[in-house]
Amino acid sequence: MLRLEKSQENEIEILSLYGEVDASNSVILDEAIQEIVASGTKSILIDGKNLDYISSAGLGVFMSYLEDFQDQGISMKICDLAPRVFEVFRILGLDQLIPIFPDRAAAFAV
Amino acid sequence: MMYRLDISCQTSALSELRAFLQQALGSATLDEIEKHQVTLAVEEVCANLIIHSHGCNPKDIIQLEIKDSDKKLIFEISDQGEAFNILDYEVPDLKKVMVEKRKGGLGIILVKKIMDEIEFESKNGTNTCRLIKWFRS
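Residue numbers (this note's numbering), protein chains in the order written: chain V, 28 to 137; chain F, 171 to 307.
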């Protein structure tokens, strides 16, 4: 199960993920990011505090936006990942491509 | 100990697979992060088969067998679909995946980085992918 929640703070669009992202529901994550981009924001924060699991289907969604975001000057950050979830980002080397912060406050500070 | 699960070829079966793995790995000599990673690697192979070899046909079945000893865990994933030999697939460069906006390919990187050994055989119409994780202690 995956549940998404959108909010705004300090002119940053925040997408909070609840549950698990896999090949059965990664399209929901993709659509949510597309909607946020369509709103014209230049700053997106993915809050992973309640993200229990993410497979390559979900990681691939993040990857697929990286180049466009670079070209369009959109910043995407991730915060608050559980250690086991962060490890998956690290194994792939995604932590080198997407800024990952321990919590929201640290993400806002940069 | 040996565990066995039949997985219907639909992506909605993946959460059931994870629940099964969590139970089967309960007593294994792996820490929580390793159990999480091993679960992910098995799911990645199964998701690949479900989507690419079986076109998400729920009537098709993938068999998963887990055998454990005091030294290692063996995950045997068998199916009768189009053979997908993970060993034939070169690990794609992450930057290339990014530039090409490919949403696939990442799963193969994860499986190869997480598992200690990967074997594949295709015999009498049955393909078997064997993922092996050695205990560190």
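One should not assume that every hint holds.
[Said to hold, decoys possible] Here are the simulated distance ranges between beta carbons:
1) V:Ala136 / F:Gln250: 51 to 57 Å
2) V:Ala136 / F:Glu287: 39 to 45 Å
3) F:Tyr173 / V:Phe135: 31 to 37 Å
4) V:Glu94 / F:Gln250: 47 to 53 Å
5) F:Glu270 / V:Glu62: 20 to 26 Å
6) V:Glu36 / F:Lys237: 47 to 53 Å
7) V:Tyr45 / F:Cys226: 42 to 48 Å
8) F:Gly295 / V:Lys69: 51 to 57 Å
9) F:Ser178 / V:Ile55: 18 to 24 Å
10) F:Gln233 / V:Thr68: 31 to 37 Å
11) V:Ala132 / F:Asn255: 44 to 50 Å
12) F:Met172 / V:Gln97: 45 to 51 Å
FYI, nobody ran anything at the bench for these hints, they're computed from the structure.
Just so it is clear, CB atoms sit at the ideal spot from N, CA and C, and this is done for glycine as well.
The hints, checked one at a time:
1. V:Ala136 / F:Gln250: 51 to 57 Å: holds (54 Å)
2. V:Ala136 / F:Glu287: 39 to 45 Å: Hint holds: Cβ distance 44 Å, inside 39 to 45 Å.
3. F:Tyr173 / V:Phe135: 31 to 37 Å: violated (45 Å)
4. V:Glu94 / F:Gln250: 47 to 53 Å: violated (39 Å)
5. F:Glu270 / V:Glu62: 20 to 26 Å: Holds, at about 24 Å.
6. V:Glu36 / F:Lys237: 47 to 53 Å: For glutamate 36 (chain V) and lysine 237 (chain F) the Cβ distance comes to about 49 Å; the hint holds.
7. V:Tyr45 / F:Cys226: 42 to 48 Å: violated (25 Å)
8. F:Gly295 / V:Lys69: 51 to 57 Å: holds (54 Å)
9. F:Ser178 / V:Ile55: 18 to 24 Å: Since the Cβ atoms of serine 178 (chain F) and isoleucine 55 (chain V) sit about 21 Å apart, the hinted range of 18 to 24 Å holds.
10. F:Gln233 / V:Thr68: 31 to 37 Å: Distance hint for glutamine 233 (chain F), threonine 68 (chain V) is violated at roughly 46 Å.
11. V:Ala132 / F:Asn255: 44 to 50 Å: Once the Cβ atoms are compared, 47 Å apart, the range 44 to 50 Å for asparagine 255 (chain F) and alanine 132 (chain V) holds.
12. F:Met172 / V:Gln97: 45 to 51 Å: holds (49 Å)
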